[in-house]
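Listed below are the residues making up each chain.
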Amino acid sequence: DTGVSQNPRHKITKRGQNVTFRCDPISEHNRLYWYRQTLGQGPEFLTYFQNEAQLEKSRLLSDRFSAERPKGSFSTLEIQRTEQGDSAMYLCASSPKVGDIVNYGYTFGSGTRLTVV
Amino acid sequence: GNSVTQMEGPVTLSEEAFLTINCTYTATGYPSLFWYVQYPGEGLQLLLKATKADDKGSNKGFEATYRKETTSFHLEKGSVQVSDSAVYFCALSTFKLGGKLIFGQGTELSVKP
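So the sequence lines, in the order shown, correspond to chains A and B.
The first sequence runs 1 to 117 under our numbering.
The second sequence runs 118 to 230 under our numbering.
What the hints contain is simulated information worked out from the structure, not anything from laboratory work.
The beta carbon of each residue, even a glycine, is placed where N, CA and C say it ideally should be.
Some hints here could point you the wrong way.
[Claimed, not checked] When the alpha-carbon atoms are kept at most 30 Å apart in a straight line, the in silico BS3-like pairs for lysine-lysine are as follows: (1) B:Lys177 - A:Lys97; (2) B:Lys173 - A:Lys97; (3) B:Lys185 - A:Lys97; (4) A:Lys11 - A:Lys57; (5) A:Lys71 - B:Lys213; (6) B:Lys169 - A:Lys57; (7) B:Lys177 - B:Lys229.
[Unchecked claim] Derived coverage of chain B by chain A (criterion: at least 3 residues anywhere in the stretch with Cβ under 8 Å from a Cβ of chain A; other residues may be distant): (8) 158 to 167; (9) 202 to 212; (10) 221 to 230.
One chain only, chain A, in its complex shape (with noise of 0.2 Å):
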C-alpha cells in the first residue's frame, strides 16, 4: 500500500492555458474523491468515481473542468482556460467503499497546488 500519490505537486500556469492533473489511488479502491482547497479554507468536494463512473459532480465543478477515471484505476483533472481563481490545491482522497468512510475517513494524497499567474 503506497497511499494515495498526486502528481505534480506544484504548477505554475499563465492564465488562459490548460492545465492536467494526475491521482493514482490505493490500489483495489473504488471510490476516488477531488477536492479543492483554497487559502485559508476547509476542502470542499469537487466530484467523484466509483470505478470508472464519475457518480457526482459539485456546482463547483465549472464546464471548463473536467475529470476522469478511464479504467477505474487512475484519474486525470483538467483545467481549461485557466483564471486566477482557480489557484488552490487540488487533493484526491479514495477508498473502498461509503461504509469504510463513514466508519475510517479516507486517505488524501499530498496535493497539487496550482498557482495561475
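Let chain A serve as the given structure and place chain B on it in line with the hints.
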C-alpha cells in the same frame, strides 16, 4: 443541511499549554465526525474519529468526544508541542452524502517554544 463550524484561528499557545479547538456541526442524518490535520505544504491526515454519540476518538495525545446533545466535537490536548503546529479541520460524513466529507474552515495552531 450539513455544515461544520470551527473556532477561528490562529490559535497561539506556548509549549505544554492546554489546547481546545471548538467544532460544532449540523447534519441531516446521523454523522460520523473526524478531525484532520494539515502540516505546512502537505495534504490532510486523519487525526481521529468518532462514529456515534459519546464515542471518544483519540490519537497522539489528542482527544475529541462526540456530543450529540450539543452537536459538538471539540478537539483537546493536554500539553501541546511545537511539532503540533498545523491547521486542524473538523469534518463530518454520513451515508446519505455518498462518502463526501463536509469540512469546517480550519483552525491554525501555532505553538511557541
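Do the hints match the structure? See the list:
no. : hint                : verdict
1   : B:Lys177 - A:Lys97  : 27 Å, holds
2   : B:Lys173 - A:Lys97  : 24 Å, holds
3   : B:Lys185 - A:Lys97  : 26 Å, holds
4   : A:Lys11 - A:Lys57   : 23 Å, holds
5   : A:Lys71 - B:Lys213  : 26 Å, holds
6   : B:Lys169 - A:Lys57  : 29 Å, holds
7   : B:Lys177 - B:Lys229 : 19 Å, holds
8   : 158 to 167          : holds (count 6)
9   : 202 to 212          : holds (count 5)
10  : 221 to 230          : holds (count 3)
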